[in-house]
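**Student:** One line per chain: the protein sequences are A and B, in this order. So in the numbering used here, the last spot in the first sequence is 287, and the numbers never skip. So in the numbering used here, the last spot in the second sequence is 1123, and the numbers never skip.
Take these hints with a grain of salt, some might be off.
[What the hints assert, rightly or not] Okay, the calculated bits of chain A under chain B, using three or more residues with CB under 8 Å as the criterion:
1. 10-24
2. 206-215
[To be verified] Sample of chain B residues at the chain A side, in silico, Cβ under 8 Å:
3. I1008
4. R1042
5. A1046
6. T1047
[Said to hold, decoys possible] Negatives, chain A to chain B, calculated, CB over 12 Å:
7. D231
8. P273
9. T284
Everything labelled a hint here was simulated from the structure, so no lab data went into it. Ideal Cβ positions, reconstructed from N, Cα and C, are used throughout, including at glycine.
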Amino acid sequence: MITTTDLCVRYGETTALDALDLDLTPGRIYGLLGRNGAGKTTLLATLAGFRKPSAGRVLLDGEPVFENPRATSRICLIREDGGLGDGIDRLGDILDMARALRKTHDQGYAAALLDRFGLSRRQTLGSLSRGQRSAFGIVVGLASRAPLTMFDEAHLGMDAPGRRIFADELLADYVAHPRTFLLSTHLIEEQSPLFEQVLILHRGRLLLREDVDDLRTRGVAVTGPAALVDDFVTGLTVLGERSLGPTKEVTVYGALAEPDREAARLHGLQLGPVAVQDLFIHLTGGV
Amino acid sequence: MFDDRSPIYRQIADRIKDDVLRGVLTDDQQVMSTNQYAAYYRINPATAAKAFQQLVDEGVIYKRRGVGMFVSAGAQRRLRDRRRERFFGEVLEPMIAEARTLGIPVADIVARIHQLTSPGDGR
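The shape of chain A in the complex, shown without the other chains (with noise of 0.2 Å):
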């Protein structure tokens, strides 16, 4: 579908993205989780082909995306500050855009989400709420139909009724019509159901890639007396610890072999999950 080889995007002396090798499967649907300032909105807008790379490579079936109408028709950017148009446009002149931009863009669908919505083609960009304004940036990208269609936060400033229609909207027609979704969100634990691969940049690289529900399982926390809990952490990836009085937390990473866990059974060690979140929060250096 879409790949980047050795990808790196400056900005004078920062460098946003490092290198980056990244390969998306077509028909999936991935989401984006970062730290703010990881390279998040510079990797979906350089994927998008709205910015050129520094170095390296983007590539949608083997043609490159920067200043590439056909690679880019087939590609829809949401972007978090909207990016749609004006404040005095309508948005049903916007959806009529849309469409004359891209063959895939379905304006019955658009309607219909409009409607779910409670938006209507008469109101302007300029007189909806935050929450309102990424509504609208639904219905654009999901009408787009595009088969790499992106989202940088599309909920932002949503409530919640409104991010339930999002998930229940983006599942039913990534049933109907399958494509390639990539979605940035900082709602871990809200989201993360929606992904079939979660991908992590840290600090402009790809920290890790792997199935959502693969991470559940890939943090143990050990609780117990800090001293039986240090002896037996020994050796282990150590991801992060707490204390409170004589009891000691630590989140390790990676499965635990039977025999280990057999061991802190027998030294009345408590072993438990880690949720996605809080795997995120130690792989990305903690708090």
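Take the given structure of chain A and dock chain B to it, following the hints.
**Tutor:** Okay, now just chain B, sitting in the frame of chain A:
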């Protein structure tokens, strides 16, 4: 809806197995499709498909090409046998360990079990 800590596919598979055990789903009854499960639980369809694959591997459901998934004949009995094997290890042993920690004599436990299961009790 799901705990955020164990794989979702396993939680879905467990729910379907519970339905088979309780007789909500019976032999040769059709199971909802992966996409229906995905939409209902708001999860990625690939995750739902993984749950179904696990159930096929365990012989709980089978696939009819182009039609869908169905409950395997005898699935309820097999699941019950498997859970029975696990009952002593996963339910009884931890209970005894807890009783020992609390200093509850085994005789008290046995007496309570007799009381709970005595005829006429309605349980």
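**Student:** Work down the list of hints and note, for each, if the structure agrees.
**Tutor:** Hint-by-hint comparison with the structure:
no.: 1; hint: 10-24; result: violated (count 0)
no.: 2; hint: 206-215; result: holds (count 3)
no.: 3; hint: I1008; result: holds, 6 Å
no.: 4; hint: R1042; result: holds, 5 Å
no.: 5; hint: A1046; result: holds, 4 Å
no.: 6; hint: T1047; result: holds, 6 Å
no.: 7; hint: D231; result: holds, 23 Å
no.: 8; hint: P273; result: violated, 4 Å
no.: 9; hint: T284; result: holds, 18 Å
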